[in-house]
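Engineer: These protein sequence lines are chains A and B, in that order.
Quick note on my numbering: the first sequence kicks off at 42 and runs consecutively.
Quick note on my numbering: the second sequence kicks off at 42 and runs consecutively.
Mixed in with the good hints there might be a few duds.
Each pair may be met inside one copy or between any two copies, as identical chains are not told apart.
[Claimed, not checked] List time: in silico DSSO-like cross-link candidates among lysine-lysine, alpha-carbon distance up to 30 Å:
id, residue 1, residue 2
1, K127, K145
2, K284, K237
3, K114, K127
4, K43, K118
5, K127, K309
6, K86, K127
7, K86, K239
8, K43, K145
9, K309, K118
10, K284, K86
11, K284, K267
Worth flagging that the hints you see were computed from the coordinates, not collected in a lab.
Since the model is a prediction, treat every value here as computed from it, not as a measurement.
Spelled out, the chains give:
Protein chains: 2
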Amino acid sequence: MKRYAYFISDGTGITAETLGNSLLSQFEQINFDCTTLPYIDSEEKALRAVEEINALAGRSGEAVIVFDTIVDKNIRKIIDSANAFKVDIFSAFLAPLEGELAVKSSYTVGKSHSPADSDNYIARIEAVNFALDNDDGARTRHYDDADVILVGVSRCGKTPTSLYMAMQFGIKAANYPLTEEDMHDLRLPDSLSKHKHKLFGLTIDPDRLAAIRNERRANSRYASLKQCYHEVDEVEFLFEREKIPFVSTTDKSIEEISTRIMADTGLKRRLQS
Amino acid sequence: MKRYAYFISDGTGITAETLGNSLLSQFEQINFDCTTLPYIDSEEKALRAVEEINALAGRSGEAVIVFDTIVDKNIRKIIDSANAFKVDIFSAFLAPLEGELAVKSSYTVGKSHSPADSDNYIARIEAVNFALDNDDGARTRHYDDADVILVGVSRCGKTPTSLYMAMQFGIKAANYPLTEEDMHDLRLPDSLSKHKHKLFGLTIDPDRLAAIRNERRANSRYASLKQCYHEVDEVEFLFEREKIPFVSTTDKSIEEISTRIMADTGLKRRLQS
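Chain A on its own, in the form it takes in the complex (with noise of 0.2 Å):
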């Protein structure tokens, strides 16, 4: 079974596409073709998002789901008008918030939300060029300067990770790729022992590694299931001796990866969303 979804928004459209995202995924059985219409600032534009809307509709034989989080009390009448059934985020919580919180908001008075703040900015860019400048252990001489550092074999995950955790909190997440040397010594290097606290390990299924390498470079002894099984071996066998903490990457999201490191290291996120 096939429906079609719409995230429409006066803005980027995220929180729409979040909250619908996370509720269609409640529904299995059926498959959503999605799409999110960002920045429906004026009457024109709604008007042709409720044509797009209809002529789906019309098509499908069914009403198109709609999630929105318009402000503008003109726009909004529009897009109420399409042939949808609507999931309207705003109204359902602000009325019950504004009583709770005894005051009204800027939406019943239809006024939008002011966008991110300035020193959020600059914390986030700043936390990004950490995470890529200390990215594959390239300089191990700003680690004092690091939140976490990520270690583990290659492509088990950890430069998404550590881009993520800077994009999203303003963690300022170093990695450190763990080779085959690094192993066999049986200790580790002085650049990370110096820091053993902060170091957070990521392990994976050696066939995913495999399959992961082999995007990368096929059919070479670095992608070769026994080259993955024996390095995972090791790591792990290396965390489980350093009382390293660590979480496997395989079949989690960087969001699940990222938010467990988060959990799990008691770090707080630097950047207000």
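Using the hints, position chain B against chain A.
Structural biologist: Leaving out everything else, chain B in the frame of chain A:
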């Protein structure tokens, strides 16, 4: 006025956090102190969360605002017992959606939805690697594979934007820093003019640019107001002359810049979120 808010989830907490922040940002008069509690997946963890919330409510003399997306009935019941004003995201919307879609949700049957699939993971990692490999004009020979090539002066936001687009949308975004030489030639470098239809410009307020550059290299010519004004003038002139679409990054979050580029170019996300 200050109030405490909690975002509680048995998963990453991203849905509760995103919706909660959006709703709370509608109450500009109130200063919210927010905490996210992800992975509340056992009764013990739920009881500890309730203790924490009740202690805060007791000290502040006001109910804590709680946004939650917990699926398990027993865990929910514990969270419901806290001294809190609860915004129950799933139950508010799932019942009406079940009616419209004529099926029961996983939530109702008490089953947690499954996490990210592996195709998504690999597409995302590939896009992040593409952004890293093609950052800052490092290489131009892969531009055939790029979905978009971001151009602009140094420190206008190209790198974090290209990484965000990779991470959130699976879009392959290269980026190329326009230097004074590029602009004085009065023509685009060959590596860019071949891919003119993929170019998207970023610009920035020169005062803001100077502030950002000063964080990196204080009191340099590079960070001087005069230099920043000059470069921004030239680059905006170039964008207009070459009819390259562009957006200002000033006062915009990375999310806003990225979603604006998606909307203006008509690019479609390559990831299901």
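Engineer: Give a verdict on every hint.
Structural biologist: How the hints compare with the structure:
In this assembly of identical chains, the alpha carbons of K127 and K145 lie at most 30 Å apart whether taken from the same copy (24 Å) or from different copies (18 Å). For a Cα distance limit of 30 Å, the shortest separation of K284 from K237 inside one copy, 9 Å, qualifies, whereas the shortest one across copies, 53 Å, does not. Taking the closest pair of Cα atoms, K114 and K127 come within 30 Å of each other both inside a single copy (15 Å) and across two copies (27 Å). For the identical chains of this complex, K43 and K118 are intra-copy neighbours only, at 27 Å inside a copy versus 34 Å across copies, given an alpha-carbon limit of 30 Å.
Taking identical chains as interchangeable, the C-alpha atoms of K127 and K309 lie at most 30 Å apart only when they sit on different chains, with a minimum of 23 Å there against 36 Å within one chain. When the C-alpha separation of K86 and K127 is checked against a cutoff of 30 Å, the pair qualifies only within one copy, where the shortest distance is 18 Å, while the shortest distance between copies is 35 Å. For the identical chains of this complex, K86 and K239 are inter-copy neighbours only, at 24 Å across copies versus 49 Å inside a copy, given an alpha-carbon limit of 30 Å. Within a single copy, K43 and K145 get their C-alpha atoms only as close as 39 Å, which misses the 30 Å cut-off; across copies the closest is 15 Å, which meets it.
For the identical chains of this complex, K309 and K118 are inter-copy neighbours only, at 27 Å across copies versus 41 Å inside a copy, given an alpha-carbon limit of 30 Å. Proximity of K284 and K86 under a CA criterion of 30 Å is satisfied inter-copy only: 23 Å between copies versus 56 Å inside one chain copy. Only within a single protomer do K284 and K267 lie at most 30 Å apart by alpha-carbon distance; the minimum there is 26 Å, versus 53 Å between protomers.
Going through the hint list in order, the structure satisfies each hint without exception.
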